[in-house]
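Numbering (full-length UniProt numbering), first residue to last: 1 to 566.
Some hints here could point you the wrong way.
List time: in silico PhoX-like cross-link candidates among lysine-lysine, alpha-carbon distance up to 25 Å [as the list claims (entries may be wrong)]:
(1) Lys94 with Lys113
(2) Lys377 with Lys272
(3) Lys478 with Lys518
(4) Lys113 with Lys80
(5) Lys158 with Lys210
(6) Lys547 with Lys472
(7) Lys277 with Lys547
(8) Lys94 with Lys365
(9) Lys203 with Lys368
(10) Lys158 with Lys183
Keep in mind the hints are simulated off the structure, nothing from the lab.
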Amino acid sequence: MGFFTGLILGIAVGLALIVGFVRCENVRSKRRSALATTIAAFARMTVEDSRKILAPEYYPSWVVFSQRQKLTWLNLHLTKIWPYVNEAASELIKASVEPVLEQYRPFILSSLKFSKFTLGTVAPQFTGVSIIENGEDGVTMELEMNWDGNPSMVLDIKTRLGVGLPVQVKNIGFTGVFRLMFKPLVEELPCFGAVCCSLREKKNLDFTLKVVGGDISTIPGLYDAIEGTIRDAIEDTLMWPARKVIPILPGDYSDLELRPVGILEVKLVQAKELTNKDIIGKSDPYAELYVRPLRDRIKTSKIINNDLNPIWNEHYEFIVEDASTQHLVVKVYDDEGVQTSELIGCAHIRLSELQPGKVKDVWLKLVKDLEVHRDNKNRGQVHLELLYCPIGMGNGYSNPFAPDLSMTSLERFLKSGVNGTEAIENERGVIQKKKEVIVRGVLSVTVISAEELPAVDLLGKADPYVVITLKKSEMRNKTRVVNESLNPVWNQTFDFVVEDGLHDMLILEVWDHDTFGKDYMGRCILTLTRAILEGEFKECFQLDEAKSGKLNLHLKWMPQPVYRDS
């Protein structure tokens, strides 16, 4: 009896194990099928699908979505024809770069020329291509390029001491974007008149210098001087918007050459909350601004000693060659005296974001590197006023490049805003008399009230008042004291005679009145540009250098333009 019972139980358990195993395999099979379906769906996903599923802020910084197509076929053919490309391109590049090397030649050198120039046997590799559609009469192609070449480049240099040295340029590594423009389009094969070549973007450029049969370090400063000259020459001749125009069909292609298209007026107002780079004391900040990083086009501000909230109020002009692709770069440094200055932070703004003829007031956040898009560290902000004036703009602007023009574009803009049509019509007479405009007038400042001021007294209150100062003329006024209030109301109006509205600025400081002193609560810094352009406005301004607080102001401008001999 026990035998039969054990047999039945064994068969039942065996059948249960078999059924369980089969069901488990069926479940695993369904899971594998579902996983395979999901993987297949991911394989069919596009970039837009990925962006819909996951927001951009959740991607790591090294993830980049590219619309560029792969170019394996082009790399194979380029490798075959590279010996012929090398011969033709070497002569073209040498002829273009040598005059610029002479232009940027350091003072310690009396001669700087190539004695040998070939691109080597290694062809560059194109990793992607895209077509730019900008509505122009032509086709623009951009190719991502990577080149770790073995070129043979020898510079024949001579110092002013009469020493001649052959310097070899070797170990060149380059990563960037190469731009080709086929224009204008014509009805004759090959269907375009000329090709424009340029480096649209330079992501990385490394090279080393070595004296043939010697050591370049024997002459102090020579390595840095030659390296800087080479980089300046590349920037001036090959980097966009510089371009090389190669005619394909007979014709006049002068309109394709590099030429100015406008003027960018920049007012560097101030910076705030800069990172302190000094162990003892505070940083000594100054700023560098440029549209193209060429030596003669980089503007440098004055140094503000021991201040993390510097006020510069300086005005610069920049030549613009391509407003659609160029941008203004601002770099803020800490001056270290005889040592190399330390970068505090940098920022940039695209010129395409500016509306021609309209002043734009911007605060730009400083970052460590313009190529790194995610920088959460607070390095400070820089305040700019920008005005882009295209050449030939049909609103009363004259050509900013006229040799006898004595007014900046911003001065002419403000002048036309003050004097209207008469100022535009009489501008030629102003130029002939060699006079320039001063934006003079009366500024009426009404301090209405403040909100949410920080408590500085022991009882959680404050006795605030406002000091109003014109920076350039140093004229000063102050409101009455409102006792025990964090939301004071003043409604007091002060009039200032402004002698030069373009270059002056208004500083409003909020103080807490105490019997035996005063406590600083915050400030607002305003240029007069908006008041001059709009005539009158009312707005609430956030206090700087304060945990909280706002200031309600009403500004009114009454112009009294005058002229002075330039």
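Checked against the structure, which of the hints given earlier come out wrong? 4, 6, 8, 10
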